[in-house]
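J.: As a plain string of letters, each chain reads:
Number of protein chains: 2
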Amino acid sequence: MYDFSYCAPTKVCFGRGSEEQLEGLIAERKCKCVLLHYGGESAVRSGLIKRVRWALERAGAAVVELGGVKPNPRLSLVNEGIKLCKDKGVDFILAVGGGSVIDSAKAIGMGCVGGGDVWDYYCKKRVPQGTIPVGVVLTIAAAGSEMSKSSVITNDKTATKCGVNAELSRPVFAIMNPELTASVPAYPTACGCADILMHTLERYLTGGETLKLTDSIAEALMTTVISSSKAVMRDLSNYEARANLMWASSLSHNGLTGLGNDGGDWCTHSLGHELSALYDTPHGAALTAVWGSWARYVYKNCLNRFHRFAVQVMGVRPNGTCGELALKGIEAAEEWFAGMGLPTSIKQLGVKPTEADLKLMAEKCAANNGGSKGSCMKLHVEDMLAIYTAANK
Amino acid sequence: MYDFSYCAPTKVCFGRGSEEQLEGLIAERKCKCVLLHYGGESAVRSGLIKRVRWALERAGAAVVELGGVKPNPRLSLVNEGIKLCKDKGVDFILAVGGGSVIDSAKAIGMGCVGGGDVWDYYCKKRVPQGTIPVGVVLTIAAAGSEMSKSSVITNDKTATKCGVNAELSRPVFAIMNPELTASVPAYPTACGCADILMHTLERYLTGGETLKLTDSIAEALMTTVISSSKAVMRDLSNYEARANLMWASSLSHNGLTGLGNDGGDWCTHSLGHELSALYDTPHGAALTAVWGSWARYVYKNCLNRFHRFAVQVMGVRPNGTCGELALKGIEAAEEWFAGMGLPTSIKQLGVKPTEADLKLMAEKCAANNGGSKGSCMKLHVEDMLAIYTAANK
Chain A
49 MYDFSYCAPT KVCFGRGSEE QLEGLIAERK CKCVLLHYGG ESAVRSGLIK
99 RVRWALERAG AAVVELGGVK PNPRLSLVNE GIKLCKDKGV DFILAVGGGS
149 VIDSAKAIGM GCVGGGDVWD YYCKKRVPQG TIPVGVVLTI AAAGSEMSKS
199 SVITNDKTAT KCGVNAELSR PVFAIMNPEL TASVPAYPTA CGCADILMHT
249 LERYLTGGET LKLTDSIAEA LMTTVISSSK AVMRDLSNYE ARANLMWASS
299 LSHNGLTGLG NDGGDWCTHS LGHELSALYD TPHGAALTAV WGSWARYVYK
349 NCLNRFHRFA VQVMGVRPNG TCGELALKGI EAAEEWFAGM GLPTSIKQLG
399 VKPTEADLKL MAEKCAANNG GSKGSCMKLH VEDMLAIYTA ANK
Chain B
49 MYDFSYCAPT KVCFGRGSEE QLEGLIAERK CKCVLLHYGG ESAVRSGLIK
99 RVRWALERAG AAVVELGGVK PNPRLSLVNE GIKLCKDKGV DFILAVGGGS
149 VIDSAKAIGM GCVGGGDVWD YYCKKRVPQG TIPVGVVLTI AAAGSEMSKS
199 SVITNDKTAT KCGVNAELSR PVFAIMNPEL TASVPAYPTA CGCADILMHT
249 LERYLTGGET LKLTDSIAEA LMTTVISSSK AVMRDLSNYE ARANLMWASS
299 LSHNGLTGLG NDGGDWCTHS LGHELSALYD TPHGAALTAV WGSWARYVYK
349 NCLNRFHRFA VQVMGVRPNG TCGELALKGI EAAEEWFAGM GLPTSIKQLG
399 VKPTEADLKL MAEKCAANNG GSKGSCMKLH VEDMLAIYTA ANK
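Residue numbers (my numbering), protein chains in the order written: chain A, 49 to 441; chain B, 49 to 441.
The hints are simulated quantities; they were obtained by calculation from the structure and are not laboratory data. A portion of the hints provided could be inaccurate.
To be verified - Partner residues aside, some chain B positions facing chain A, computed with beta carbon under 10 Å:
{"#": "1", "residue": "Cys-61"}
{"#": "2", "residue": "Arg-64"}
{"#": "3", "residue": "Ser-94"}
{"#": "4", "residue": "Ile-265"}
{"#": "5", "residue": "Trp-295"}
We put the CB at the ideal spot given by N, CA and C, even for glycine.
With the hints as extra help, turn the sequences into a complete structure.
T.: Take a look at the structure:
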């Protein structure tokens with residue numbers, strides 16, 4: 049095992065009607081001017097945005113609104129938000145939505161402190177020095193950004209998707225009412241389930257040492273995500289399943305499921321990000337489209353972990369060689385993806401990259417990761433191209 | 049499942065040599081005067097206290113020392129600490145030790161703010177209003193106080209052991225170097241393992257609703273504690289086992305393993321506290337001495353949970369009725385205790401209470417809990433007496 053530091057200070061308010069705690073949380077912080085940041089029309093239509101605005105006003109805060117965040121959130125809107133916050137003297141950002149809205153809010157928060165171009169943080173030219181505090185009202189279980197230190201933004205001028213990890217960007221509070229996710233349709237729900245599992249799987253399938261307790265917690269989380277995903281796909285209004293997925297989304301990316309490990313692999317995320325950057329595909333679907341091809345490319349270098357994943361998480365019966373079981377585990381994971389209607393190839397994503405497109409993605413993926421990436425196996429540009437090519441079926 | 053709030057903001061610095069981070073942590077907080085609070089002679093003899101004192105001084109803080117904390121920490125020493133902190137203008141308390149030292153430090157911290165008698169907080173007459181911040185250098189894996197909101201103190205004038213739960217008392221940082229626990233002898237190590245398991249078991253064996261994800265994480269933690277305890281009892285210097293137990297101690301009592309549950313049962317703790325208050329017995333051993341008798345008294349009211357515990361945690365083969373399996377699980381847990389050299393009865397604790405003593409403990413136990421306690425089964429004074437009597441063999 050490796051040494052680690054860990055601090056996940058986000059205050060979680062979980063359960064039915066928990067958004068009613070918003071007024072108290074904002075009043076307690078004595079916020080003067082809040083940026084109310086959100087995505088598309090569904091939160092407006094449902095009346096949630098209106099209720100949130102009232103709560104902010106009752107708490108004595110002025111409210112500035114910036115909606116329109118899209119999946120794979122754009123740098124252009126982030127820059128608009130930064131300007132707005134500076135112009136209006138915003139001292140708190142409230143993200144009402146899922147990972148895209150929260151990541152965008154974090155970017156705005158960090159961009160308001162220290163000057164310069166916020167994109168510098170995302171392409172690792174500078175390290176963020178501070179942030180306007182961010183709070184969350186979560187409306188979809190997926191990215192885990194509500195407790196994480198991560199933010200991923202797409203530069204819409206260059207079609208580049210990059211992430212920053214900064215402890216200071218962990219939200220100060222997260223309001224999580226599973227009822228608010230009951231209206232999320234099947235496909236984005238499935239994408240969310242895949243994203244939740246993948247945040248732990250990237251940490252779990254690693255070539256380095258691990259901590260036994262972390263491994264067993266990771267397995268507990270992944271098996272719960274799989275069983276809850278099946279329950280929620282049968283009945284989208286299943287509160288218990290929605291609650292388990294929502295809490296799993298937070299625990300899967302707040303760091304807990306990788307403590308004592310080497311940091312994890314994260315190649316599936318990097319490969320998926322290039323697909324999303326080029327084709328604007330949903331994040332969770334981009335991950336499942338490449339995961340199987342990545343797994344078959346690397347598993348022999350990391351046989352024990354893939355074997356363990358097969359038996360402990362996917363429930364593969366332990367009859368066979370390590371290699372056979374590892375492959376059965378990969379197949380079982382793909383069957384789970386497919387069972388939720390998620391793609392297991394790039395073509396199933398509905399896009400048709402040419403060979404030149406695949407080469408471009410591999411080159412950008414390598415460049416965005418300093419030439420190579422991975423823990424199960426260190427991938428270079430030619431490996432990335434081979435995986436994209438295998439996945440392009 | 050129930051709604052919940054959760055915030056575990058303690059910064060964890062985990063791994064070999066992590067006490068070297070102390071200077072930076074204290075300097076960052078700009079502490080002027082630190083109370084260095086510790087227990088017996090072992091931390092002095094090992095040179096740890098000297099190294100810690102130097103680190104505090106290098107960080108620019110004046111240092112006031114108060115050693116001598118004993119297991120089942122005493123109110124008299126807490127009051128001495130409060131006076132010392134007020135006299136010297138202490139603005140930070142560093143606890144170097146295990147649960148007793150940390151609980152004592154929390155009591156001193158809370159007692160310095162708001163005036164009045166600190167014992168009022170422990171007998172629920174008043175609610176703590178603030179605290180001097182507390183940091184921890186952990187030297188034994190057991191109580192989990194390094195991340196918890198709990199503090200348990202014994203009033204040495206009245207032989208009463210009571211606890212307070214206050215979010216504000218969670219330590220601000222916890223330095224956890226498993227190497228520092230390698231010198232803990234077998235018996236206190238075993239007591240620690242029992243205490244760690246019990247903090248999750250009290251939350252897990254409950255009559256109320258639960259959250260699936262929490263259940264599976266609780267099971268993952270308990271199975272890891274059991275396997276790591278066996279490894280550490282075979283070789284007390286096993287770093288991996290010590291590390292798993294240390295991290296389990298924190299996760300088992302920081303709240304994580306009970307989220308969405310009804311708060312848990314906690315009768316074993318209450319019954320054990322009276323034994324420790326009267327006979328000054330080690331906390332972990334007092335718990336194992338009464339647990340089996342408690343479990344056999346209540347399990348029929350909570351059959352599904354005991355059944356699940358037997359199969360998922362104790363590895364009982366699922367052949368038999370629910371009731372049979374539940375009993376086998378109780379037996380297996382007692383075998384685990386006994387295998388570590390821990391008592392499974394009050395007599396094995398080395399004390400010989402009379403019938404009058406048992407009655408006194410039952411009456412105090414009921415009185416300290418407002419007349420009754422429990423989730424698997426609500427116990428009143430006659431139930432408590434019956435359990436003490438059954439355990440007194």
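J.: Against this structure, judge whether each hint is valid.
T.: Hints and how they fare:
{"no.": "1", "hint": "Cys-61", "result": "5 Å, holds"}
{"no.": "2", "hint": "Arg-64", "result": "6 Å, holds"}
{"no.": "3", "hint": "Ser-94", "result": "21 Å, violated"}
{"no.": "4", "hint": "Ile-265", "result": "5 Å, holds"}
{"no.": "5", "hint": "Trp-295", "result": "5 Å, holds"}
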